[in-house]
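Given chain A, put chain B in place with the hints provided.
Protein chains: 2
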Amino acid sequence: MNSSSLSPPKITVIGLGNLAWSLVPALQRVATVHQLIGRRHLASFQSAYQIPLCSDTIQDLHSETDLVFLAVGDQAIPSLTAELAKLNRRNCVYVHSSGSTSLDALSALGEQIGVFYPLQTFTKGRVKDFEEMPLFLEGNPSVLSLLRPLAEAMSQQVYMLDSGNRLRLHLGGVMCSNFTNLLYRLTDDLIQSHSQLDFTIFEPLIREQIDKVFALGPAKSQTGPAIRGDERTMQKHLDLLEDAPEMQDLYAQMSRMIRARQ
Amino acid sequence: MNSSSLSPPKITVIGLGNLAWSLVPALQRVATVHQLIGRRHLASFQSAYQIPLCSDTIQDLHSETDLVFLAVGDQAIPSLTAELAKLNRRNCVYVHSSGSTSLDALSALGEQIGVFYPLQTFTKGRVKDFEEMPLFLEGNPSVLSLLRPLAEAMSQQVYMLDSGNRLRLHLGGVMCSNFTNLLYRLTDDLIQSHSQLDFTIFEPLIREQIDKVFALGPAKSQTGPAIRGDERTMQKHLDLLEDAPEMQDLYAQMSRMIRARQ
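Each protein sequence line maps, in turn, to chains A and B. By numbering that gives the first Met the number 0, the letter at position 198 of the first sequence is numbered 197, and the numbering carries on one by one without gaps. By numbering that gives the first Met the number 0, the letter at position 145 of the second sequence is numbered 144, and the numbering carries on one by one without gaps.
For reference, chain A alone in the conformation it holds in the complex (with noise of 0.2 Å):
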């Protein structure tokens, strides 16, 4: 192992999900990924990306390989993490990709083990370039001599983070990107229901919200009757909810919420 300095490492990346649909390209830019290890998909990656060695089962993982990418759901990396330490290779480093785990979760695996967790929402066929992507990394030094040059060969944006901001920085993005989606869905459901419009009239407006939180950061962008305190037109809005409650308490709590933080 650590060959970093001489040669890009050899990869095996394990889990052939959305992450891996832009992971592996990536990776491929900088380094050799030379194994896949994944049930589903494996026909697919194999011809997209022409990846020497494709396997569904661990106990292929190859002998030569420097780094093992688990880039699997947060919840498989513990059974994941188990078999692989029953196969007692401890000349590689393995890494998680997850936000919300410790690095400690690898630790049956020994020492050389790391976090690389992009900061984005993968879906398949939306292969997503690194270059502007946020990477945070976490491990020992050792660790760290393989992870950081290879992060940063993919992106100009690579922190260290230890697992508790990391999972901090994972809820700001639960709530940044899945919860604002439940907002869209809402509204979606509202307006399909009661008019021929169609979602995507809301666009250029949720756009410039965008363009605003970005350019004047998002306490000066709040606008709306909340903020004003205009408490007639969020009746209103409440009153139209009167058949769907569970939307009238969110719609009730988050405007108590942006009030409180006039």
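Don't take every hint at face value.
[Unchecked claim] Partial list, computed: chain A residues near chain B (C-beta under 10 Å):
hint	residue
1	CYS53
2	THR80
3	GLU82
4	GLN119
5	GLU131
6	PRO133
7	GLN156
8	GLY171
9	ASP248
[Claimed, not checked] Covered stretches of chain A, going by a simulated chain B footprint (3 or more residues, C-beta under 8 Å):
hint	stretch
10	106–112
11	161–168
12	177–189
[Said to hold, decoys possible] Taking lysine to aspartate or glutamate pairs in the DMTMM-like style, the calculated list, with each CA pair at most 20 Å apart, reads:
hint	chain 1	residue 1	chain 2	residue 2
13	B	LYS9	B	ASP55
14	B	LYS123	A	ASP210
15	B	LYS219	A	ASP188
No wet-lab data here; the hints were simulated from the structure. Note that CB positions come from ideal geometry on N, CA and C, so glycine has one too.
Just chain B, lined up with the frame of chain A:
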């Protein structure tokens, strides 16, 4: 009145707030804005947009005005309408620009009343182009014969919408811009208080989520622990919010709503 088919209407804009900074130049491109009435920013507007007549009192409303644009905040519409009614000018059309205010809020001004609602968030210093902006109109046929050609000259997206559905649309706008902004603010606070990271690291994630929403639709764009039913990750997030019960409640509620829409 009703010289609309012969020459562009002469417009008086009342209210020089966030909307007016974008509305006035957009109207100037397709009509004649010959008068501005407002208290604050009057000199700035006059010099920025070269409007012939500027006044700080509605008593000065010009006798040749075809269209009076109430570009004031929702809360100011009733009192402004009452003041205008006292002038007893019936030779022009009056429109307001509020999503949450019904057409009949202007009924003291007679029959020649309408609504011109742009679905956008407006900010001083961020002049928005109206070309792609959805505009929602309401009024009787005579009013629309003036308003519709004007709106269609300004934007490619012009819709007729009654007051009830406009309120619904406005509520959607609140969810898609004001409430999402609260989530950005909460994230900003979460990050800034506990690490050296800046909110801008969320920009690639947020922009990708938006791109995905408009490519796949909100229902298919939902990811994260709640939709996966990943109770372990959700519990970690809730534990992290132990000292912030309001955010903890919001997290639990939004996660429940996402889960229910699986």
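List, from low to high, the hint numbers that the structure doesn't satisfy. The structure breaks hints 1, 2, 3 and 10; every other hint is satisfied.
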